[in-house]
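Can you build the whole structure from these sequences, using the hints too?
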Amino acid sequence: MQKSPRTRAFDQFESVAISLYDGGVLSPAVLERVIRGFASIDVEWTRVPKRQAVDGHSLHEIIARTMLSREVPGDSASESFRTVIEHILGAPIPAGAAKPGARKAEGPRQGRRSATKADDVSDIADELVGQLARSARQDKRRRDEKPSKRPSTSAFNPFSTAALPRSHRT
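Take the sequence shown: its position 54, counting from 1, is numbered 54 in full-length UniProt numbering, and each next residue is one higher.
No lab work stands behind these hints: they were computed from the structure.
One or more of the hints may lead you astray.
[To be verified] Estimated spans, in silico, between C-beta atoms of each pair:
no., residue 1, residue 2, range
1, D123, V30, 50 to 60 Å
2, V121, T7, 21 to 31 Å
3, G130, A163, 58 to 68 Å
4, D55, R6, 26 to 36 Å
5, V129, N157, 46 to 56 Å
6, R166, S27, 56 to 66 Å
7, S160, S40, 56 to 66 Å
8, D126, Q52, 22 to 32 Å
9, G130, V54, 24 to 34 Å
10, R6, G56, 22 to 32 Å
11, R70, A162, 26 to 36 Å
12, N157, G24, 34 to 44 Å
13, R33, E71, 16 to 26 Å
14, V54, P158, 52 to 62 Å
Just so you know, even glycine gets a beta-carbon here, dropped at the ideal spot from N, CA and C.
Structure follows, in structure tokens:
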């Protein structure tokens, strides 16, 4: 059975992201560029990841940890992954058909859990936006600062007291 192009694209994205993570070079900036690179391809972002990193983390956990800079429990890692992808792409991810058994069926407390999950997702999204806003403000502050004058030191500087050598009279 051949995989659809959307499935292959997700598998490739998963492979690239996990390889970068295992290699120790996955940073938020690198991850953002990788996601934007795959944005031009029709990727099925709603797929359940198959591979794991060397340390046992799934793709969703890796993306959430990298972009949110904190541990994310397994259940909310998928929601965090979705939020990060939507934020970077600037558009909502179409709700594709989830694989059977990918998520556990929720019982009678579904309403309360859904409200809690919605609050968690909202909190995570707010935190991500706050982090991005803080980093943008820090960059502006650095650019606005005027370069300071060179500090004067009392160390020996041969160029500050340079003079022609004295001529010897014979």
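Query - Broken hints, by number - result: 1, 11
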